[in-house]
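Peer 1: One-letter residues, chain by chain:
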Amino acid sequence: MRLYALAVYLFLYLPIAVIAVFSFNAGRHASQFTGFSVQWYGKALSNPFVTEALWTSFVVALSSALIASVFGTMAALALQGMKGRVRMVADALIYVAVMVPGIVIGIATLIALVTLFGWINPLLARLAPEGQAPQLAMGYGSLIAAHALFSMSLVIIILRARLAGMDRSLMEASADLYAPPFATFWQVTLPLIFPGILAGFLLSFTFSFDDFIIAFFVAGSETTLPIYVFSSIRRGVTPEINAIGTMVLAVSLILLVAAQLTLRRGIKTGAQ
Amino acid sequence: MQSQIDPGAQGQTGDRPLIAEFRAATKRYGAVLAADALSFGIGKGEFLSFLGPSGCGKTTALRMLAGFEVPTSGDVFLDGERVTDVPAYRRPVNMVFQHYALFPHMTVAQNIAYGLMQRRPRPDRAEVARKVDRALDMVRLSGFGPRRIWEMSGGQQQRVALARAIVNEPKVLLLDEPLAALDRKLRREMQIELQTLQRQLGITFVLVTHDQEEALSMSDRICIMRSGRIVQAGSPLALYDQPINRYVADFVGKSNFIDGVVSALSGEGGQIETASGYRFEGRVSGVLAPGAKASLSIRPEQIDLANSAHPGAEPVTVINRIFLGEHTEYLVRHAALGDLLVLVARQAEAAAGSFAPGAAAFVAWKPETALILPQD
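Quick mapping for you: the protein sequence lines, in order, are chains S and B. Here the working numbering is used: position 13 in the first sequence is 13, and no number is missing along the way. In short: position in the second sequence from 1, add 272, done, that's the working numbering.
The shape of chain B in the complex, shown without the other chains (with noise of 0.2 Å):
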């Protein structure tokens, strides 16, 4: 598997001027690469995110950008500057940890006015008091100043911590899994605040994350990462419509995979094989050549659940249903393929009927909406 892939597949920063970029960014850990000769460019104001699972590279990644860690070799720029050596107190990015790192013996005011209190010459105090109120009014913790931090929730420890770093006006802010810590309704309102805060503030983030959901619902664009690595980068469309393997379709959204060959290719389209003998048609994606071990990806939202054969359509037995509120999530088996799961919109279980766990069914998908795709 290749790394650098042409700049169509990573992704473009749009017109943005570049911010921040990557040039061969490589480190080692004895003999784990935690990143691979990374190469890229984050653009002006964007949301970006890192996405992958623990160990994938992301963070490494994230403190190379803050300047926690120094690239074994390869080359770090912030705003036009090279910043390979710059220690982390002289980059003009912040940072908000996993754990919030609040100081435990200052108050929340204190808290948040202490990288403006490191500048020389000191600020002027009122103009300090100014900026940390403003910027508690943009975390919407007003008043919450002279509290201790022992005494503020986990939410508003989050917001603290963003406070802490936004009052900065760093040119990125970076973001450490910053809501992996919170439950998941105050999870989802920070989502939204951290979109709202990076349009009105026009700041560059750069997200490190492994939830999916997190990721898709914030980024203007992701990365998708393994072993020290940008396997696929682009918009949560992009990623989801046209993964270019099947580790990007399985890490982005829901995905059924079905495996076998390529038994057929033409232009946009191709054939897939089973060992079982089934034969399916798709749309391709990533690079393929026939007789290459592929996988069939298809959305569980792209596969029809009905009660009566009809052309095409594959008999299953329902094993389980889960009622989600909007959606139903039926898991099924056919005899050859698998388990597949099938995501049922309220509307059309209203119209076709639920099945029950045992029901037979028969499922069936619209070729052009299954994607023939590499398996690594």
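Here chain S stands alone, though its shape is the one from the complex (with noise of 0.2 Å):
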């Protein structure tokens, strides 16, 4: 039994161990091992086409959290609001949203925008002056909105289970103590809540930083790290492309422990 979940693990992890183990190879060949160096993170940094697509995940990142903090924060407040039923066919849905594959998603999104986008674009060229009528296409803005919607659900889910384990008579006692409702929402709600939003705008960025498969769909003229390299490694797995994947694994790993260390120590301070 033990030998069978060790078996488990090995194919789990083995592949990532060697990625980032052949990251730090001298050699050229990924199949042997001729010695440490860091030669190739230092190749994937400098070669421009790396560093490019690693803004672009960036930007896309850090704008799809923040809207998707942001959105599923109001949103998670209008659905503590409710009552009955609206509020469970809302909370199945959000939890669809999750469960939905990606390769769903990516499709959805680029049939809508594509869609969207035939019938704009047209309107657009209608009221602007002949030949500088802008184009709406594919690129930063799809990614963006394709990333955010996604990460909006996950964002809503953190902070359905914190809302909920929320003493309400705390508001009350902040209305009582003459807040009014804004007052309250900023001085009581916001800062009991906010580890939540913190650890829901890592996870979404963690999310879009690794996303290959949305992103893929709506990225348009776009590279994101991701999709270069799933096209590099149609020239040959390089070392280059292992530090690359171990750079974005670290990048994860590190933002998924800091989620989970805020939500953490939220849930000591938040305690009654």
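Restraint-style ranges between C-beta atoms, simulated for each label pair:
#1 S:78 x B:356: 20 to 30 Å
#2 B:418 x S:120: 53 to 63 Å
#3 B:422 x S:120: 50 to 60 Å
Keep in mind the hints are simulated off the structure, nothing from the lab. Please read these numbers as outputs of a predicted model, since none were measured by experiment. C-beta: ideal position from N, C-alpha, C; glycine also.
Now that you have both chains on their own, put them together as the hints suggest.
Peer 2: Here it is as structure tokens:
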């Protein structure tokens, strides 16, 4: 039984470990380890295609995580105030949104945006002077929108749990102590759910930074880091790709741990 | 049963001017009537308690006063002003919540200063600090200002909640079962402290509780509630000595009840006849007609327990004996009247000797200490 478990873990983590180990390989070939070196990290980070893709990924992840945190928080607060069946349906839809396969979200977003652009672009062409009409197309905007949409459900799920665990009488106490609703939100509700918002932001960032499937459909001419890795793999796995993969892994792990820690800290301070 | 009894039975606010008033305040949640046309006044500087079992509407009454519930119909007045639709944050009252509702992300001092800091224009910081210190002093927590809430014990949190409310000098201080979460000894201490504080500050206190001992020991006046109505209001002594029905007698202090019908009425006194043919005299309290169902109420401390028969005494068997320190509580069984609770004072027991379970004994009480009450 123990051997069986060990096999499962090996199967899960060995490929990842191999990538991490070979990213420090001095030699060019992935088949034999010829010595320790960080030269591939240097090569990867001085490659303009890599840095550009990294920048794109960073901007998309940051923007979509910010949007998802703000709107996810608003949605979670609104859901908290709703009652009965409406809330149940809304909650269920949010869980479904997380479980829908990425490929379905990717295709659906692509079709939706293409259709939308198909309607709007002729309108813009008619409104603007000849030849100067802006053309809506896939790119940063569609990437950020698609990622924000998915991440929002992550933020909502985290915050719903946090809000449900919060003592309602805290808000009443604030009102009783002369704070109008907005002051109560600012001074009591927001500080208490902030760890949840931060954890949601970090998870959203990680999701967007790693995502390949949705990005592949809606990126247009933009190249995010996962898309770059995918396209360069077709020319063979180089140690440079290993280095990039290891960096992405490190960033993701750090952010995930940070999200867990903020949530746990938040639970402690939020406890009665 | 009628809810609006004559002013005498409602209990007086004394010579005090009114600080708060309910006028036919009704609160309905769907089919449930949580407050049924409540009409009564609260006197300035009074310590008033709402007493009743859970679901009797006492908390709803308090929350209508705080501004957390808007009456379905009727009005609420505070200091002569109609506040029925005024939101909680504009009412000059403060509440001590059942589980304290202290802000966990703030220090003790920040919690206490919260109400003061909402004032516009913002008050002077030094002035706030001074008031916070004085409030901490008043609840005997000097020096605890910089502490975090979770570093405080339950009793200390209770004091912080109290300080957070009184620092604002509210016109009425509302207390929602404030001592329910404390252990017995601490509860006793806080009861005395609350009472002292109320006298010092002269603020009107309105307390909601299901603990009759708490209400009896602290209040100037108690409103006994049932099904959204006030059954009887009056001083603790008046409620104890002249309950208007069995419900009140049962809720205020311990009592023995013997059920029957009214067989005779004469002025203040009357007679009750049980199903098994026993007849007992007693004072009549509440509204009764001959032939009506009634209960004879005898307080446990009014019953004499003797080991020899004498005229008017009834034979019983001792079932149980509980030593309570200054008193001993006996449970005795009468063949026809059922179980009776008897409280024997220490000195009396020392003189007459104690009874072991299973022993035969005789009980008797003076007719003027027994009350004949409507059953409902």
